[in-house]
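Residue numbers (our numbering), protein chains in the order written: chain W, 1 to 413; chain A, 1 to 561; chain V, 1 to 208.
Be aware that one or more of the hints could be misleading.
Some chain V residues judged to face chain A by a derived CB distance under 8 Å, without partners named [what the hints assert, rightly or not]:
{"hint": "1", "residue": "PHE34"}
{"hint": "2", "residue": "SER37"}
{"hint": "3", "residue": "PHE41"}
{"hint": "4", "residue": "SER43"}
{"hint": "5", "residue": "ALA51"}
{"hint": "6", "residue": "ALA155"}
{"hint": "7", "residue": "GLY159"}
I should point out that these hints are in silico values taken from the structure, not numbers from a laboratory. Backbone N, C-alpha and C define an ideal beta-carbon position, used for all residues, glycine too.
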Amino acid sequence: MPMPSPRRIRLRWRIAVAASLVTGLLLLSAGVAGAQAFPPEAVSEEGSDIRNLYLLVFFLAAAVFVVVEAGIIWLAIKYRRRDDSLPPQIHGHRGVEVLWTVIPSIIVLVLFIVSFVVLDHIESAPSKYEPVEVIDVTAQQWAWSFYYATPMDATTRARISDDPADVRLRVSDGTLFEPFKTYRIDVEHIRVDSIEGNTLMVARGVNGTVVQDHPAGEEILRITNGTEVSQDDRGELTDSIDPSSGAVTTMNTPIVTVPVGKTVRFNISSLDVIHSFYAPQFLYKLDAMPGRTQALWLKVTDAGFFQGQCAEFCGREHARMLFSVRALPLDEYDAWLAALVAPPPPAEEAAPADDAGEAAPEDDAADDAGAAEIGAETDPAAEPGTSRYGGPPAPAGLPTQPAGWTAPRAGAL
Amino acid sequence: MATLAGTVPTGYAGGRAQVLLDWLTTVDHKKIGIMYVVAAGVFGLVGGALSLVVRTELIETGAIMGADTYNQMFTMHASIMLFLFIMPVATGFANYVVPLQIGALDMAFPRINALSLWIFLFGGILMLSAFAFDGGAAAAGWTAYPPISSNTAGNIQPAGVGMDLWLVGVIALGVASTAGGLNFLVTIFKMRAPGMTMFRMPMFTWTVLVTAFLVVLATPVLASALILLFADRNGAGGVFFDPATGGQSILWQNLFWFYSHPAVYIMILPPMGIVSEVLPVFSRKPLFGYRAFVMATVGIGLLSFIVWAHHMFTTGGVFLPFFMASTFLIGIPTGVKMFNWMATMHKGSLHFNTAMLFAVGFVMLFLIGGITGVFHAAVPVDFALHDTYFVVGHLHYVLATGAAFGIFAASYFWFPKMFGRFLNEGLGKIHFWSMFIGTNMIFWPQLMLGLDGMPRRINDYADNPGWELMNQIATVGAFVAMVGAVIFLFNVVHSIYWGEKCEEDNPWDAGTLEWATTSPPPVYNFDRLPRVRSERPVFDERHGLGAYASSEGESPPQTSS
Amino acid sequence: MASRTAARQPVNPLKSFFVGNEPMTNGLWGMVFFIFSEIMFFSGLIAAYLALREDALEWAPLIEGVYDHHAILEAEFRPVFFTILLVASSIPMQLAAFAIRKGNRGGMKLGMLVVMVIGTAFLLNQAVEWMHADFAIGDGPYSATFYLLTGFHGAHVLGGLLFIAFLWMRSYLGHFDAHRNTAVEAATMYWHFVGAVWILVFSLLFLA
Ligand SMILES: [Cu+2]
Ligand SMILES: [Cu+2]
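Model the full structure from these sequences, guided by the hints.
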C-alpha cells in the first residue's frame with residue numbers, strides 16, 4: 001500500500017475532526033438530554049395517554065434521526081472527492097423513490113391513527129351518570145381564580161325538572177343566587193346566567209356540559225359551548241394588582257385543589273386577553289379565550305403539589321402568572337370542599353347584606369345581598385386564589401315546593 | 001473576459017455620487033437583488049443583536065431588564081428575522097439568480113421590481129423606527145394576538161405607537177412582497193429562454209415559483225387582517241378582535257395563520273431550492289429524482305393552505321382531526337426531499353467547501369426541525385408542547401439552521417457570480433463551525449426545556465432543576481453563533497474588495513444558466529446561451545452530455561414541433 | 001435521447017392564452033395574478049364579516065348591546081341604481097377594449113369617457129352613502145365592516161378611474177393601437193373585477 005500524500009493525510013485529519021465534532025456534539029446533546037428527552041411523568045390519566053403517544057412519536061423520530069444523520073455523515077465521509085473524475089450521473093430511480101414516498105406515508109398514517117385514537121379518548125366527556133367535579137378557571141391579567149360548584153344535596157334534586165330545556169326557573173328568592181355561578185346536584189350542573197327578581201335564567205347540563213343555548217340577555221355577549229360569559233363577570237381578584245400602575249405587587253401563587261380519581265371538568269375562560277391553562281405534569285393545556293368558556297377534562301391519578309403556569313403570552317407579567325395544583329385523595333378533597341362551602345355560624349342568619357356563605361333558611365326572602373362576596377378571606381379553608389361561589393349553600397338555600405322555583409318552558413314568562 | 005462590472009462597486013468612471021445615483025435609480029434585477037440581500041443582512045444583524053438581548057435576559061432566573069423591554073426584544077427579534085431578514089434575503093437571491101437561471105434579460109417588470117425594494121425598505125425602517133418613540137416598539141409577539149395587540153390602554157401592553165408602526169410596516173412589507181411575487185410569477189412563466197421548459201427549470205427557480213404563488217395568494221389575507229387590527233386600534237374600538245367589545249380573538253388567529261403558515265414555506269422553500277442547487281454541484285451529480293422533487297415542492301405549496309390551524313390546536317376553536325391529518329401529510333413530501341438530497345450525495349464526488357458545508361448542515365439540522373414538527377402535528381402531544389420552548393427549538397431548527405443555513409450556502413455559492421471574487425474559505429469554515437455548534441447549543445437545550453414545561457415568551461423562569469444550566473448553554477451558544485455571523489460580515493466586506501478573483505464563468509462546474517455568463521454578468525446578462533435540453537445545460541455542454549453527447553448525434557437547437 | 005427530447009419541443013402553457021387575437025402579454029398576466037391577490041385580500045375582509053355575522057346572536061349588534069336593526073342599510077333605490085350602473089359600466093369598458101383591438105382609438109376614448117363618468121358618479125354616491133349612514137365605524141361589527149369594505153372597494157374604484165384617466169390622456173399622445181394595447185386590456189380586466197367585487201360587497205352589506 002503506497003504512502004498517502006501529506007495532503008491526503010491532512011484531509012483525513014480534517015475529516016476526522018469534523019466527523020468527531022458532529023458526532024460528539026450530537027452525543028453530547030443526547031447525553032445532556034438524558035433525563036430530559038421526555039416530558040415529566042404524568043399525574044393524570046389523560047397525561048399518561050399523551051405521554052405514551054409522545055413516547056411512540058419519540059422513538060419513531062429517534063430512529064429516523066439516527067438513521068438519517070448517520071447516513072449523511074457516512075455519505076459525507078465515504079464519497080468525499082478523491083479525484084477529478086466524473087461520478088456516475090444518476091438522475092433517479094423509480095423504485096427507491098416510490099419506496100421512500102411510501103415509507104413516510106405509512107409512518108404518517110400510523111401516527112395519525114394512533115394520535116386520533118388518543119385524541120378522541122382524552123377529549124371525550126365521561127358518561128353522564130359519572131359524577132364529576134366542576135371547577136371554573138378564570139384567567140385575567142395576571143391572576144388565576146378557581147371557583148368550585150356549590151354542591152346541593154339530594155333532597156333538592158327532586159324539585160328539578162328533568163327536562164334540560166327548562167332554562168327559566170322561578171325561585172322564591174332570587175337574591176340567594178349569584179349570577180354566573182355554578183350549582184351542582186349529583187351529576188347535574190346549573191349555571192345561573194342572569195337573575196330578574198325571582199326568576200333565574202340558567203344553563204343546565206350534566207357533568208358540567210352545559211347543553212342549553214339561551215336567548216340573549218343584554219349583558220350577555222357571546223354563547224359558546226352553551227355557556228355565557230358576561231362582561232360584568234370580573235370575578236374577585238386573588239392577586240394584588242396595584243390599581244394605579246397596574247403592576248402586580250405581590251406574587252402569590254393561587255392553588256387549585258382537585259380530587260384524585262374523580263373526573264374534573266375545568267371550565268376555562270378569560271376576562272381580558274388570551275391565557276393558557278397549563279400544568280406540565282398534566283401534559284395538557286387549553287387556552288383561556290376571552291368571551292368563551294371551554295372545557296378541559298382531567299382525571300388526576302396522583303396526589304401532590306404540581307406547578308402550573310400561563311402558557312400563552314398575555315402581557316407584562318406573563319412570566320409570573322403561576323398557579324399550583326394540589327391533588328387530594330377523594331375523601332380529603334370532599335372534606336376540604338365541605339369546609340369551604342360550610343355555612344357560617346347561625347348567628348349571622350337573616351342579617352341583610354351579610355356574607356354570602358350564610359345559610360339562608362327556607363322561604364326567607366329577607367336577604368337582599370344580591371352581590372354576595374366571595375368567601376375567600378373569611379373562609380379558613382381558602383388559599384389565596386381559591387374562591388368559591390357565594391350564594392345559597394345547599395340544601396337550605398333552595399326553597400321548597402311549591403314555593404320554590406318551577407320550570408316553565410322557555411319564553412313562558 | 002472583460003466584464004461590465006455592473007455589480008462591482010469599484011471601477012466606475014463617474015464619481016461616487018454617480019455610482020450612488022446609479023444604484024438608487026437602477027431597475028437592473030442584479031443590482032436590486034444585491035440591495036435586497038445587503039439591506040436584509042443589515043436588518044438580520046439587528047435581529048441577531050436583539051436575540052442576544054433575549055438570551056442575556058434568560059441567562060439566570062430573575063429578571064434583568066424587565067418585561068416591557070424584554071417583550072419588545074423578542075417581538076422585534078422575530079418580526080425582523082422573519083419579515084426583514086429571511087424573506088427579503090431570499091427575495092434578493094431570487095431577484096439576482098432567477099432571471100439568470102431561466103436565461104432572461106431581466107425581470108418581467110423591472111420598475112415594479114425596484115418599487116418593491118423601496119417599499120420593503122420603507123416598511124422595515126418604519127417598523128424599526130418605533131424604538132425611537134415613547135413606549136417603544138411592538139411588544140405583543142410577532143403573532144400579535146389580540147386582545148393584547150388590539151388594546152390601546154396604557155395598563156396593557158403595548159401602549160404607544162409601536163404596535164401601529166408595526167402594523168403599517170408589515171402592511172408595507174406585504175405590498176412589497178406581493179408585488180415581488182407577481183413579478184416572479186410572470187417572469188418565470190413568460191421569460192424563459194428557448195428550450196427551458198418547466199421541467200428543465202433549475203430547482204431554485206421552481207421553489208421561487210411555488211413561493212411566489214404562496215406570496216400572491218396568502219399575503220393579501222394577512223394584509224386584510226392587519227388592516228382590521230389597525231382599525232380596531234384606531235376608531236373601530238375592537239369590534240373585530242376584542243371579545244370585550246363583541247369581536248373574536250380567534251378570528252385574528254385564523255386570518256393570521258392562513259398567511260403565516262404558508263409564510264413558513266415562503267421562508268423555507270427557497271433555501272430548499274438553494275440546497276438543491278449546491279448539493280448536486282459539489283457532488284458533481286444531477287439532483288436525484290428531479291421530478292419527484294418538483295412534485296414535493298408543489299405538494300408542500302398546496303398543503304400549506306390547509307394546515308394553518310395547527311398553530312391553534314390548544315385554542316379549542318379548531319376542528320382537530322382535519323388539521324392533524326393535513327399537517328401529518330406535510331411529512332411525506334418533506335421526507336421525499338430529505339431522501340432525494342441524500343441520494344444526490346450518494347456515489348457522488350463530494351467537495352466540502354463552505355457552501356457545501358452549509359448545504360449539508362442544512363440537511364442535517366433541518367431534519368431536526370422536520371422531526372420536531374411531527375411532535376406538534378400529533379395533536380395530543382401538541383397539547384403538552386404547544387407554547388413551550390419546544391416550539392421555539394422546533395421553529396429555530398427550521399428557520400435558523402434551515403432557512404439561514406440555506407441563505408449562507410447561497411452566499412458562498414453565488415458570491416463569485418455576483419462580485420467576481422470568492423468569499424474567503426478559511427473564514428468561511430470558521431463561520432460554518434461556529435454557526436453549527438452555536439445554533440445546536442441554543443436550540444437543542446430549548447427542546448429539552450420545552451419538554452420540561454418552560455413556556456415561551458417569559459422573561460423569567462422558575463428555578464427548576466436544570467433550567468438555568470440549559471438556558472446558560474443556549475445563551476453561550478447564541479454568542480458563539482453571533483461570532484460566526486460577525487466573521488461572515490467581515491468576510492463579505494473584505495472579499496468584495498480584496499477577495500480572490502474569480503476569472504471563470506463557471507468556477508464550481510455548475511449546471512444552470514447563471515454560470516453560462518461572465519462573473520459578474522453584463523447588464524444584459526448573456527452574450528450567448530447554451531442549448532437547453534436538461535435542467536443542467538451548462539454542465540451538459542462542458543461535459544458533452546445530453547444534447548452535447550457526441551454519441552447521440554447533434555440535434556439542431558431550433559427544432560420545434 | 002437528445003433527438004427525442006428535441007422533437008418534443010414543449011409549448012409554454014401560458015403562451016396558449018389569447019385576448020382577442022393576440023397572445024396574452026406579460027402585463028396582462030401580471031394583471032391576472034394581481035387580481036388573484038386582490039381576490040384574496042377581499043376574501044380576508046369578507047371572511048371577517050361572515051365570521052362576525054355568524055357569531056352574532058342578532059344582526060347587527062351595536063357595542064352597547066342594543067340591537068338596532070336600523071343600523072343595517074337597506075337596498076333602497078339609490079344604492080341599487082348605482083350598483084347596476086357600476087356593473088353595467090363594464091360594457092363600455094369592454095367596448096373600449098374591442099375598439100382599440102380594431103385600432104379604433106376614438107371608440108376607445110368614448111368608452112373610457114363613459115366609464116369615467118359612471119365611476120365618478122358611483123364614488124360620489126358612495127360619499128353620500130357614508131354621510132347618510134347614521135352610525136360610526138366603532139358602533140359594531142356591521143358598521144365597521146361597512147366602512148372598511150366600501151372604503152377599500154371605493155379606493156379600488158378610484159384607483160381604476162385614475163388608471164383609465166391616465167390611459168385616456170396617453171391616447172391623446174398617440175399611444176395604443178391594434179397591437180399595442182396591453183394597458184387598455186389590463187384596465188378592462190381590472191374594471192370587471194371592481195364591478196364583480198361590488199356585487200359581492202353590495203349583496204353582503206345591503207341584501208343579506
Ligand atoms: Cu400568560
Ligand atoms: Cu404552521
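Hint check results:
no., hint, verdict
1, PHE34, "holds, 6 Å"
2, SER37, "holds, 5 Å"
3, PHE41, "holds, 4 Å"
4, SER43, "holds, 7 Å"
5, ALA51, "holds, 5 Å"
6, ALA155, "violated, 11 Å"
7, GLY159, "violated, 13 Å"
Comparing the model with each numbered hint stated earlier shows that hints 6 and 7 do not hold.
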